[in-house]
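Chains as they are written, first to last, in the working numbering: chain V, 1 to 501; chain W, 502 to 1270; chain F, 1271 to 1408; chain E, 1409 to 1530.
In short, the hints are calculated from the structure, not lab data.
The beta-carbon is built from N, C-alpha and C at its ideal position, and this holds for glycine as well.
Be aware that one or more of the hints could be misleading.
[Unchecked claim] List time: in silico DSS-like cross-link candidates among lysine-lysine, alpha-carbon distance up to 30 Å: (1) V:K25 x F:K1338; (2) W:K646 x V:K424; (3) W:K646 x W:K931; (4) W:K1041 x V:K424; (5) W:K1041 x W:K646.
[Stated by the list, open to error] Beta-carbon label-pair distances, calculated as ranges: (6) F:F1290 x W:A1103: 24 to 34 Å; (7) V:V49 x W:T1031: 50 to 60 Å; (8) W:V1176 x V:I46: 52 to 62 Å; (9) W:L1072 x V:K25: 48 to 58 Å; (10) V:G55 x W:A762: 48 to 58 Å; (11) V:G55 x W:D1030: 40 to 50 Å; (12) W:L1106 x V:I52: 50 to 60 Å; (13) V:K25 x F:E1327: 25 to 35 Å; (14) F:V1274 x W:A1103: 52 to 62 Å; (15) V:I451 x W:L1200: 55 to 65 Å; (16) F:A1279 x W:V1176: 43 to 53 Å; (17) F:F1290 x W:V1176: 27 to 37 Å.
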Amino acid sequence: MGWLLALPFLLPIATGLFALGARRKPRRARTISLLGCVGLFVIVVIIFVRVIDEGTIAAQMGNWPAPFGITLVADRLSAIMLLLAGLVGLAVAIFAQADVDLRREVLGFQGFYQLLLAGVCGSFVTGDLFNLYVWFEVMLIASFALLILGGERAQLDGGIKYVALNLVSTLFMLMAIGMVYGLTGTLNLAALHTALAQVEQPAALHMLAVLLIVAFGIKAALFPLYFWLPASYHVPPVAVTAVFAGLLTKVGVYALIRTFTLIFPADFSFAHDLLLIAALLTMLSGVIGAASQYEFRKILAFHIISQIGFLVLGLALFSPLALAGSIFYMVHNIVAKTNLLLISGTARRMTGSFNLAEIGGLYRVSPVLAAVFFIAAFSLAGFPPLSGFWAKLMLVSASLEQAAYWVAAIALITGALTLFSMSKIWSEAFWKPHPTGEARSLTSLTVTERIQRMLPALLLVAITLGLGLFPQPLIQFCETAAKELLDPAGYVATVLPSRGG
Amino acid sequence: MDTEVHSGDQPPTGWGERIWSLALLAFPLGVTLWLLSLIGPVREHAPLVFGVSWIPSLGVELNFLIDGLSLLFGLLVSGVGFFVALYAKFYLRGHPLIQRFFFYLFLFMLGMLGLVLAGNLITLFVFWEITTIASYLLIGFNHEKASARRSALQALLITAVGGLALLAGLLLLGMIVGSYNFVEVLAAKDKVHSHALYLPILILVLIGAFTKSAQLPFHFWLPNAMAAPTPVSAYLHSATMVKAGIYLLARMYPVLGGSEAWLLTLNIVGAVTAVIAAILAMRQTDLKLALAYTTVVALGILIMFLGSEASVAIAAAITFILVHSFYKAALFMVVGIIDHQTGTRELTALGGLGRRLPITFAIAAAAGFSMAGFPPFLGFIGKELKYEGALAIAEEPTFVAWAAVFANALMVAIAATVALRPFWGRLPEKLQSVREAPPGLWISPLVMALLGLTFGLAPALIADTLVGPAVTATMGREESVSLKLWHGINLPLVMSITTFALGALAFYLQPQIRTLLNRIANWLPANSDTQWDRGLDLFKRGAALHTRHIQHGILKHYLAAVFAVASVLLLWGLMRSGGFDMAVNWERLTVKEWAAMALVFAGSLVAICTRTPLTAICSLGGMGVGIALIFLFFGAPDVAITQLLVETLFLVLVALTLHRLPHATEVSGTGFRFVDALLAVSVGTTVSLTILAVLQQPLISPTKEYFELAAVPEAFGRNIVNVILVDFRALDTFGEVVVVLVAAVGAAALLRRKLKPSVPHGDTQEEQT
Amino acid sequence: MSSVILQGATRLLVALILLFSVYMLMRGHNLPGGGFIAGLIASAAFVLYALAWSLQEARAALRVSPVKLAAIGALLSLASAVPGLLKGFPPFTGLWLFIGGGEGDKGIPISTVLLFDVGIYLAVLGAVLALFFTIEVD
Amino acid sequence: MESALVLVIGVMVAAGVYLMLAANLLCYLFGLILLSNAANLVIFVAGRLTRAVPPLIPKGQEAPLEPVANALPQAMILTAIVIGFGLLAFTLALVVACYRELGTIDSDHMRLAEPPPKSGEH
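Chain V extracted, bound-state conformation (with noise of 0.2 Å):
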């Protein structure tokens, strides 16, 4: 058990050291990527079954017992970011076979990209407050690596603003870790369960919550701590942005969803009205800055803001539903949106740019290119019966079970927004002819090159599409998930067998 819960970080820091090692000689590196890859997605799978087996895993690095090591536990919530990290770790090793060139490969980019999904897995996996900080910072600098790997003008700019203010969430973080340690005694998850909820002392509660939003806010992007995604979501190859967006906000959004059902005690109102407040404008502030947006790439860096908001959003709300909506919102967000930021690089690749105004023609000679595009963005606008839409369904039905209706209203706004968004990149990549020619057609690339670019995409929007079209195992899922968040019982049980929960 315990090798289990480590491999999902220890094969891909292992692999990334290889391949860091390999670097020079890029065949070599890649090849060690892809077969990480494929056994992270392997480990994932077996953890995923398990959960679905035996309820919440844990284990105890060093044999050291609870609260007192440091814990790994999965789990529906863990098993299913896991499954995602492993997912979305694959599809874009596959597509940078194709997409990253040879310079970034020698200054180490398959070793980065293996040691930014440790970071990640690490992060799902811990139950211990200070080796998630950990785990942050080993996925942090990986993606500073990622972000600045090439060392292009633009890159440095945004790379800049990345690190700075990633830099400010990070101390924030220490910090309020720090202070949750010094005033309940453990870092285990699991036990800050029962020790936060018998603190007496309600400003502490209070600011040091708000310190945890701030940071996790940073990394999750909320209004209005979001100014570093956009500064810096385009700079990268598109492969970088493509995990960067499927993933690392992600973790923040992951990080908030344990932080307020796990550690802080469920009443605890003054969060969920924050965290409300934060979504909501979230969501708003998203997908407007995406409209006044025409690169495909910011469009879609705006679009991963809003999506944010929808997913704070369930948590928020606080209720059963709410919670499955987030989740299901997250699984369906990161394997729609990763998709579409892969879309967009072969997009560029097929005609040159990725500003709308000097591209077009994909419609025409690119049928697959355009099909594969169409589901994801239109899932992503949250049309049935795609994916998007149950998750839209769930969160917009949860608030207005709690009579929230303005909440609802906006969620439909923002839905509506990303349409216009959605369906501008469409008409202006994919309809409108090219300006300046004609855009390639896929079949004019090599065909492993095909594969490479084609083989992610077609198993992301199969995977949309079967949620979108046979949703209630996962609806399930989530639910029993959400469940478990609620009443975190079974979860500190697992971790705290002495303490029976």
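Based on these hints, arrange chains W, F and E on the given structure of chain V.
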């Protein structure tokens, strides 16, 4: 307007095309036959309900409800669909994207059938949106034309926004009823009507219906949707999709209908839409566009009649749905034939085609008569029923009756214009060589027109089988309908005659009316279409403004915002919690402790005051030493040593770097920054307050105890800190090593001199400057 | 660069510091010290060497590339987890072997924990030097 | 004695924030140093202070004889210091690279990723 002509040399039909066109024909034909076979059972027994569970967690079933109403609509969708598909197969033969066209049309058919047969609110909505998507793709089918793209977007956005309102309405409705299943929803009228949310639900559902069915003020997307190929216009924008809103209201009639708000809104919106659209239709010289506006008229009339509690009005609406579908589909296809054969559909460029296109002419005339409401066509029965219904509408009989007469009169004029004008008069030079269309093109409209005639002559064929059950299903109570050509001399007949007279007059005066209307249009500041552009533009500018102010690209302002948010929220949290009693604990410090703290203090202050980086580095070094001393004095020698080493190493690194940043100090704004200082102080204060709040709670740490007791016997180490690092929490340490390692390799990658440009592999990222 | 005397002195000093760092590493489990501190001290030695001599000299004195050293260190730490696997323990479980234990004194300990700490030492040394060299060399 | 240290932390945070808000990236870096040191002190203080008794167990004993300083915060700080070193060094490298490529370390003039509206808008 654009035309699309694909005659002449045609490439051989490919396999894909053949398969798709076969599917497209077989599917609606099968459905039609199946539905026809259900007419008897549905009429005699209860509605047919069947389906499978889909998403039990959300109460969504993939189930279907076939009663008189859905049967009628289902037959229209599949029956008209079959003939339109047949027509399209010939109309678009050889088009390079024809496979996609067939796919979209198929998708649309599926969506539309699902919509009218759905037995669950959410399932209905799913299909509703599928029709939106399919129509988006079809309207934008001629995607290389900017106008087609614009029209597609417009239709998409308007119907999608309406769809979202509808979704909210349906969710609320389902919430009140406790189920999304239609059987239960339709039976919950009292519960829903008495609920406080009734009005919001009604408004939301109406917005959904009105946008889809192109009611004022959302009407303008429909004429623009004529950018789609003509078969699409014939199908979606006359016979099916726009009727989705009508279907929705008819479906919801038993549960939402009957209130004053319902009756009044539907009457007024419908009447105003019908009248205004009729006037707008008179302006058009493009045949297709004129027809499009009359579709809006028809929809307005339908909405108007649904706002009634009289069964005759509902019967009028149901009959008119049939009438309209037949003649409108036929006329659109006729216009398509004209366009296809002549290359234009501009009224002024056409004439005398009667001799060249005799069959088309006959079809056009038959459909036109039905549209104008002449006996013995079904249109006549429909119109008589309409007038009867109008007079029976309790709330506003005069108003509705006048609106109906007026709109119908103009319809007569337009029917004459579209169905007769192009075929009369002198044949222009350019059109001398025009020949009759192939049978594949005229067979479908012919059937449509013949249906209008047959049912007009033998109305009993549909009275009991289709119309009656549909009225029953709509009203939610048993109703029987008798359709007759001759009712005797009564008020409706008088109104009919008035209509013909007025219509003839309008037809005769059409050029003058058109000139007048154009003059008025020029004088009006804007129409809804330009308002749409303005609105969109305003939104885009607003969005740009928002983004420019939030995402401005200045790092220090980003940071300031983050810090400001943090400190304000910390204060807010403090206030919400009710504050805490600050027990400040000024225990006596020794001199050396004071000195260490003073060193830190001084180091910090010098660092912010100095302008030379070297001084700052030195002062930071001093601060570092101070901190190390604090660690040392309070029992943390390991930390103290590490602190000292790291601080020294790092500052040496910075100092050595300085010579490579020669202009490091020459940056803007080096003076005292008051706002920043204020912000800094508030962050410092709030963070300190947080720690103080934390310190109020006594620390009970079983972990500390455990580590102290377990270190020697279990972990064999006497330095507890080190035991924690390498054993108790080795994972943290391992992660931390990875961080430093990545930092090192990352920095190396960043600073390494540019490698020789390698072989381009895939695409290389170019700069964005 | 600097005077010959300084350079000569540094050479001696560096050797002493390196020795000291190993001492700190070994005693770390029982007294202040350990892999971190020792690694930092060792890197300080090389930094000093580089300042007194030159970067190239320091690099040459290190023999292996610092990144490789760091990676080896990290892998060593990771490897210390493997014995646990063989015995069915979770990762990072400390396993101890005491050689020549006697009464009261258990003898000379050989443990995976020590291996882990050595890995940390090498990794910190390698990484810090890699940072230093790249930022300075360029 | 915690209170005095809290005051010191407050000053360090304020000074750090003030420095970070300057447009000069070097100032930002200095601010970052201050802030991360402050964060370490926060952990230290939050773990409560114990004077002059390091968490060492004397030879021959199974457990400390007198109350010793809290070891866990110290271990956390050690980890944080080293991580902080990595991050700071990377940031320093980034500043250097920025200067080399963009010719400035004034963040107000770094407008490539988000060009000002005049040139970048449609």
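Here is how each hint holds up against the structure:
1. V:K25 x F:K1338: holds, 15 Å
2. W:K646 x V:K424: Distance of about 15 Å is within 30 Å: holds.
3. W:K646 x W:K931: Distance of about 26 Å is within 30 Å: holds.
4. W:K1041 x V:K424: Distance ~12 Å between K1041 of chain W and K424 of chain V Cα, so the pair holds.
5. W:K1041 x W:K646: holds, 22 Å
6. F:F1290 x W:A1103: 24 to 34 Å: Between F1290 of chain F and A1103 of chain W, where Cβ atoms are some 31 Å apart, the hint holds.
7. V:V49 x W:T1031: 50 to 60 Å: Between V49 of chain V and T1031 of chain W, where Cβ atoms are some 59 Å apart, the hint holds.
8. W:V1176 x V:I46: 52 to 62 Å: holds, 55 Å
9. W:L1072 x V:K25: 48 to 58 Å: Cβ of L1072 of chain W to Cβ of K25 of chain V: about 55 Å, so the range 48 to 58 Å holds.
10. V:G55 x W:A762: 48 to 58 Å: Hint holds: Cβ distance 51 Å, inside 48 to 58 Å.
11. V:G55 x W:D1030: 40 to 50 Å: Violated: the Cβ-Cβ distance is about 59 Å, outside 40 to 50 Å.
12. W:L1106 x V:I52: 50 to 60 Å: Holds: the Cβ-Cβ distance is about 58 Å, inside 50 to 60 Å.
13. V:K25 x F:E1327: 25 to 35 Å: At roughly 29 Å between Cβ atoms, E1327 of chain F and K25 of chain V fall inside 25 to 35 Å, so the hint holds.
14. F:V1274 x W:A1103: 52 to 62 Å: violated, 39 Å
15. V:I451 x W:L1200: 55 to 65 Å: holds, 58 Å
16. F:A1279 x W:V1176: 43 to 53 Å: holds, 52 Å
17. F:F1290 x W:V1176: 27 to 37 Å: This hint is violated: roughly 49 Å between Cβ atoms.
Hints 11, 14 and 17, counting from the list given before, are not met by this structure.
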